[in-house]
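Peer 1: Those protein sequences? They're chains E and X, same order as listed.
Our numbering puts the first residue of the first sequence at 114, with every later residue one more than the last.
Our numbering puts the first residue of the second sequence at 114, with every later residue one more than the last.
These are computed hints drawn from the structure, not numbers from a lab.
Computed from a prediction, not measured in an experiment: that's the story for all the values here.
Check before you lean on any hint, since a few could be wrong.
The list cannot tell twin chains apart, which means a pair is met if one copy fits it or any two copies do.
Taking lysine-lysine and the DSS-like style, the derived pairs with C-alpha atoms no more than 25 angstroms apart in a straight line are [to be verified]: (1) Lys320 with Lys403; (2) Lys365 with Lys194; (3) Lys411 with Lys194; (4) Lys343 with Lys229; (5) Lys394 with Lys320; (6) Lys365 with Lys229; (7) Lys194 with Lys343.
Protein chains: 2
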Amino acid sequence: LTWSVCTRRVINVDKSEFNEDQAACCQISVRRRESSLEEDQEWLILCSTQFLTAYYWALFDGHGGPEAAIIASNYLHYCIKQKLEEVAGAIVEAQPPMHLSGRCVCDSDPQFVEEKHIHAEDVVVGALENAFQECDEVIGQEMEATSQTGGCTALAALYLQGKLYVANAGDSRAILVLKDTVVPMSCEFTPETERQRLQHLAFLFPKLLDGEFTRFEFPRRLKGDDVGQKVLYRDYFMEGWGYKLVEKADLKYPLVHGHGKQARLLGTLAVSRGFGDHQLKVIDTNIEVKPFLSCIPKVNVFDFALHDIQEDDVLIMATDGLWDVLCNKEVAHMVRSFLAENRTDPHRFSELAKCLVCRARGKKRGHQWMLDDSHEASYDDISVFVIPLHNRVEDC
Amino acid sequence: LTWSVCTRRVINVDKSEFNEDQAACCQISVRRRESSLEEDQEWLILCSTQFLTAYYWALFDGHGGPEAAIIASNYLHYCIKQKLEEVAGAIVEAQPPMHLSGRCVCDSDPQFVEEKHIHAEDVVVGALENAFQECDEVIGQEMEATSQTGGCTALAALYLQGKLYVANAGDSRAILVLKDTVVPMSCEFTPETERQRLQHLAFLFPKLLDGEFTRFEFPRRLKGDDVGQKVLYRDYFMEGWGYKLVEKADLKYPLVHGHGKQARLLGTLAVSRGFGDHQLKVIDTNIEVKPFLSCIPKVNVFDFALHDIQEDDVLIMATDGLWDVLCNKEVAHMVRSFLAENRTDPHRFSELAKCLVCRARGKKRGHQWMLDDSHEASYDDISVFVIPLHNRVEDC
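Pulled out of the complex, with its shape left as it was, chain E reads as follows (with noise of 0.2 angstroms):
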């Protein structure tokens, strides 16, 4: 009753001096605690245990030392049975009652959870919403009782009675590579994708910046010579941009700057969610990071009884190293023709996963790595899952 095949590779290379990379792999058994109020008893009587069976993959990209990820790797997936566990009465039904306990006490009930569609796989979603979080409290409750510092970014993948539910906080991604089409499970999230929440979070409470750096966001850091003349610049409400007067405060340091893999929030981090980093500080200030942070990942769900999985179909799962130097088309494009040409080899899917990581490793000429079209390759960590798809567990 185990998934098929499932295999990830990990690459440092002496590129780092430690890789930061975690992942993790399990069954997740979510017990089924059926239960009945003895009527007049205020304890439960557990009548009879059932197990949901999911099966959980996860990547998590640490950065200030790969403590956080090390936590993250033997915590989440115990974090998201947990809420799995809490909700099992309801995502067994088509539709979760609106009682836990099945105990209607309005019999019009049932019309409420219609009217608002809420189905089984909402609570699923709720669920790991609900697991993210408890982790990250967990994570800060282990780094201060251990004195280590530190964050990571979380990629979690869950397959759940037919839905593969994909959490993401951070800049890792995942991908369908299905024969015809490619479909993006994660989006990522950066101090440029979230620019607008943390310039609203600095515009609402204003001493969180402690006067060391503005909200806004120019093109360029801005200079001396920039005061008294209008140049670009966004707001956060602003999805364009406008001119603006500069003033003397406006060539503080931006809460938000730099371009693409460059972009740092608070000149800090690379990243706007993920665990961790309860606390950090920027550099020689009493400024907390923590409180931009987001631990609450966006769920994408994929119902494969809306789809006919092919032998090839595949979950890609891997971090930023992978993602910085091949787009979703090359990394389909590699797939599909290595998966063609090696159907007989049963290990093809974890050769794909290490022929993904060689790729973006690129090869070593002189003192720089290059990939094969002489572009520069990845410098980061990089981590891959290759996950078949077709001989999945049909019946858990």
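Once you've looked at the hints, dock chain X against the given chain E.
Peer 2: Coordinates of chain X only, in the frame set by chain E:
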């Protein structure tokens, strides 16, 4: 040099006492001030004056009286003109300059604009965002000065330099009905669609609820019987649903309550964006609604250069009175068949607007207004713009 045809119909047919919808439609001449700063002198010299021509259509759906909608219909185009003029030097360039004066103090500036992918279009979007904010301030002042109350939604379309910009704050809607496709040009902002933003604000500033409301969402209003039970709920960070042990405080009226057309913010408003309502308080309390409202529009852009516009292609703008009873698909079907059947009628676009309004108004059967398909007709005010796209002025 005017737009070929544009037409609008408003019908109120005694369903409500006053029609609270307002509309506006005009040409906006954006003055380009070519200015130069004389050395050693602190005043500007106007060297030459050129004009950019824009076309503007807007719908405002008032609540709590028609006053805010009337002011908005008189002022928004002026605010847009003003904000466009402030950046006129930038929007005629393919890439807006870092400095509005055009005096780059740094040779590498264009590089940063390029790196951030800033285009003239983004500066127009920024001008619209700022114009909406300015208009809301004007309305606040006007309403206070004349002791009037109320608010309104705002949906504005602007055609400028080959592109159509649709800015929306509220629950009106604009769609492009093209030969083979329907392009949604706006999305609705209601207490339901903005639940997470509203709940997050209440989480950050609990005082805004003054102990009278709960920020949690439940499928229905909770009752005394629910206390001590676990019921379905959502908090600000959840797209999914969880279960919460009900406490007494959860029996308070929810910040966002009801479903679909019945959804209300603070039990008071059916929309979460728009103008006005500066003085609005929840009935019998000191709780202000304005902090939860946003006047910032979401702007969608349609580039005519990328599409082959056909003779019957139109932009449909309408208040919720239309969309409550007709979906995009039904409207698109009516648009296409009506225009195909009336190809020679010079007034066919205005006739189509009338036809759409009449369809949504329905027919009186006894005491009820019914649609052709025997569903209930719209009881709200109904305003519709039909704007043909084919014979637009190319050179403005």
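Peer 1: Determine for every hint whether it applies to the structure shown.
Peer 2: Against the structure, the hints:
1. Lys320 with Lys403: Both: 14 angstroms inside a chain and 23 angstroms across chains, each within 25 angstroms.
2. Lys365 with Lys194: Classified as neither: same-chain Cα gap 45 angstroms, cross-chain 32 angstroms, threshold 25 angstroms.
3. Lys411 with Lys194: For Lys411 and Lys194, only the intra-copy Cα distance (18 angstroms) is at most 25 angstroms; the inter-copy one is 39 angstroms.
4. Lys343 with Lys229: Classified as between: cross-chain Cα gap 18 angstroms, same-chain 48 angstroms, threshold 25 angstroms.
5. Lys394 with Lys320: Within one copy only: 14 angstroms inside, 29 angstroms across.
6. Lys365 with Lys229: between (47 angstroms within a copy, 20 angstroms between copies)
7. Lys194 with Lys343: Between. Shortest inter-copy distance 19 angstroms satisfies the 25 angstroms Cα cut-off; intra-copy 54 angstroms does not.
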